[in-house]
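Line order of the protein sequences matches chains A and B. Under our numbering, the first residue of the first sequence carries the number 1, and numbering increases by one thereafter. Under our numbering, the first residue of the second sequence carries the number 1001, and numbering increases by one thereafter.
None of these hints come from the bench; they were simulated from the model. From a predicted model like this one, the values you see are computed outputs, not experimental measurements. A virtual CB, placed ideally from N, CA and C, is assigned to each residue, including glycine. Just so you know, not all the hints are guaranteed correct.
Stated by the list, open to error - Residues from chain A that face chain B, not an exhaustive set, calculated with beta carbons under 10 Å:
id: 1; residue: M67
id: 2; residue: D69
id: 3; residue: T70
id: 4; residue: R75
id: 5; residue: S79
id: 6; residue: L92
id: 7; residue: V96
id: 8; residue: L97
id: 9; residue: R98
id: 10; residue: V101
id: 11; residue: P108
id: 12; residue: F111
id: 13; residue: Y121
id: 14; residue: I125
id: 15; residue: A129
id: 16; residue: V179
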Amino acid sequence: MKGVPLDQDAITADTDTKIKARNVNVYYDDNHALVNVSLDIPDRSVTAFIGPSGCGKSTFLRCLNRMNDTIEGARVDGSLIMEGEEINDPHLDPVVLRARVGMVFQKPNPFPKSIFDNVAYGPRIHGLAQSAEELEAIVEQSLRKAGLWDEVADRLQDPGTSLSGGQQQRLVIARAIAVNPEVILMDEPCSALDPIATARIEELIDELRENYTIIIVTHSMQQAARVSQQTAFFHLGELVEYGPTENIFTNPQDQRTQDYVMGRFG
Amino acid sequence: MSIYSIIALSLLVLLAGGFYVGRARALRSAGVALSSLHSLPNYHGYYVALWTGLPAFLTMLAFALLSQDASDRIVSSRLVELSAPLQSAYETAMARDQEHADLSGLFAQLRARSERLSDDIQRLRSLRGSARDPDALQALQEEHVEVLNLITTTQAALEDRSDLIANDVRAAPETGALPEDARAGFVFWIGDGDARRLFLGDARNIAQGVPASRHADELNVAAQMVVETDVWIRNAMIILVYGLALTGFFYSRGRVGQSFRARNGVEALIIAFLFLSSVIAILTTIGIVASLLFESMRFFSQVSIWEFLFGLHWSPQIAIRADQVGQTGAFGAVPLFAGTALITLIAMIVAIPIGLFSAIYLSEYAGSKFRQTAKPVLEILAGIPTVVYGFFALLTVGPAIRTALAALGFEDVVTQSAFSAGLVMGVMIIPFISSLSDDVINAVPQALRDGSYAMGATRSETIRQVVLPAALPGIVGAILLAVSRAVGETMIVVMAAGQGANLTANPLEAVTTITVQIVMLLTGDQEFNSVKTLSAFALGLVLFVLTLIMNMIALRVVQKYREKYD
């Protein structure tokens, strides 16, 4: 199946561009997992990646903070420019990059530490706080931004794993916010949560949009429609269609996109 | 070929026959529609085979285990019965014999006098100051020794006299219709427990054509009885076993049919068999623990538990026979506990860092090719017999340490030391720790590592702050298992650490451990009732309790860890 050629208008959004991807290819050993993906991600907005399982949306997401480096046999080609800097440059230190591009995973993965230490983890390893008071302030601020402060303020020393699933996911978001990243990647952040916790996270994403660029991979078309401003549809490793969320859902240009958002496959 | 193997083989044949008969009958009763059978034809076959073989086989087993004891009982009761006329003759002769009566009287008088004397001696000894008369005490003691000697000679004379009477009775011509049988019975009856056992054993040996400790007419008579009894028991067994086999066969064959639930019967039996196996395993454990416990209690009735647990001197060399010269023995086990702790500590200082670091390297840094080679090589270490480690420690490591220390100016370092034993034991334990830790580190979910990397943590930060804390309970469990292994290790320490029970913290001296002492106490010339031997059981109990506690903690910790991540 050949990808529909994308013209410059389709891949460029009108707001300031945060990340500019050009001809990104990913191989896992011999498997060509992502084919020639080019798109621009706008600053301070929510971009959703949708598509059936195995379409490459998570693979692309993991390119943005070089998490594919941790997978043996993975190879990334092409150009990913963030703020004029090449992400895919082998000389770039992924540690510095990941401080700027945070990530939230599908399953909440709090570390086996207290709630406080979970949030303080990033500031500590990056040396962001000069004093204990400053660290406490960062932790409180992050928890407040993640909308978790009121629920955990009186038990910051409890283990992070003692929270409920939805609280754990917000804790992980607070942890990501604590290093003050520019971009937050979310890989199906609600797929392990119940509808109420999901609604809470979606609200949070909407609030965070003011300060951060958010890229979210989701299986739920309703979720993409609710939280995102731009949507990219991936299929079989190719970027099929990318544009304002409204257009993708109400007026898709490609037959495959239409079939997918109508629920005919996937 | 013994009678038992012949029966067992013939039972196997019957069992196979039962299987085919049961199966054939089931097939016949099913007709064309095989599905009308409740159970598959094979189950019917097993059912008949089991009924044919199992009760008969168990009966045979019971006979094999119990027949000799039963035969001994039958023979001895017959012997006692046969000797009845001679028994009464002996009793009468004893009563009639004036000399025996006189000796008995004298014996009683001497016993009374001896008691009075020892009372007087006690009273004199308890007196203080001028009232105490050493000369009188001396005289009394001499007299007491004399009386004791008299008692011994009188007792011997008394026994000789009753032997004489017994011989007279046996030799008397008027002893009934079966003099040989009766005499044999009388010889058996007159003896005490040990003599009776010896008599029966000799009779059995003669009956079986095995060399006996002595030969005599009465033994030949008894041997004849043994032969008769054994033949009778064997015949009874043959009839019973084959009778049971045939009964079982016909009974079960009669039950086979379309709606008969053969599968349920067979499966119930299999479950019973599985249950029995687990019961045997559990009972064996309980038995071992109970024997440890009871023998230790016998030890603690002679040596106080406080002395054993807190005494600082260990020297179990005591006289094991009355005519031997020996010390009284000291049973303070603290030097052994200290030696065990010292060697275990050295072993852990070697094994924990190396094992843990190699586990971290293998699971977090090494490429998959290196891991695939290195892990099996490390695990080979676990397969080396400990005795090989022992002579490695004794012949290579010990002298090397001595040479190295001599070069540094230490002169009188011994080859057998806690250090060389601990060092080699540590090497032995490395694969335990590395292999178990590697498993728990690998069990830490990848999501945690990803989470940490995604925060911008480096690999070593991730390992130190996320992976190791998450794996910590499992690592602690691995270390505790390794410690209990080290505490129980014997061979290396026997060979490399020496046997001297020194209470020392100097790792270059020879020390000894609980396990080594158990080996020393239970090998060589010994008597199983002496305090020395019993102390081995007390040490074993301590060792058992120690390792049990550590294993329990280790299992608890590991379990807690599992609950968290599965």
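Check your understanding: Should the hint that P108 of chain A touches chain B count as held when the rule is a Cβ pair under 10 Å?
Key -> Holds - the Cβ of P108 of chain A comes within 10 Å of chain B, reaching about 9 Å at its closest.
Practice item. Hold the hint about I125 of chain A up to the distance rule: shortest CB distance to chain B must be less than 10 Å. Key: holds (5 Å)
Review point. Per the CB criterion, is F111 of chain A less than 10 Å away from chain B?
Key: This interface hint holds because 5 Å falls under the 10 Å limit.
Practice item. Let me know if the C-beta of R98 of chain A comes in closer than 10 Å to any C-beta of chain B, holds or violated. Key: holds (4 Å)
Practice item. Answer holds if the nearest beta-carbon of chain B is closer than 10 Å to that of T70 of chain A; otherwise answer violated. Key: holds (6 Å)
**Study point:** Interface hint for L92 of chain A, Cβ within 10 Å of any Cβ on chain B
**Key:** violated (12 Å)
Exercise for review: Could you check if S79 of chain A really has its C-beta closer than 10 Å to a C-beta on chain B?
Suggested key: violated (22 Å)
Practice item. For the hint on V101 of chain A, just tell me whether its beta-carbon gets within less than 10 Å of chain B. Key: Hint holds; V101 of chain A Cβ to chain B Cβ min 8 Å, cut 10 Å.
Check your understanding: Is the interface hint for V179 of chain A satisfied, with its Cβ closer than 10 Å to some Cβ of chain B?
Key -> holds (7 Å)
Exercise for review: Could you check if V96 of chain A really has its C-beta closer than 10 Å to a C-beta on chain B?
Suggested key: This hint holds: V96 of chain A lies near chain B, its Cβ roughly 7 Å from the closest one there, short of 10 Å.
Exercise for review: Report holds or violated for the interface hint on D69 of chain A, using the least CB-CB distance to chain B and a cut-off of 10 Å.
Suggested key: Interface hint status for D69 of chain A: holds (8 Å vs cutoff 10 Å).
**Study point:** Hinted contact R75 of chain A with chain B - closest CB pair below 10 Å
**Key:** Violated: closest Cβ of chain B sits about 16 Å from R75 of chain A, beyond 10 Å.
Comparing the model with each earlier hint shows violations of hints 4, 5, 6 and 15; every other hint is respected.
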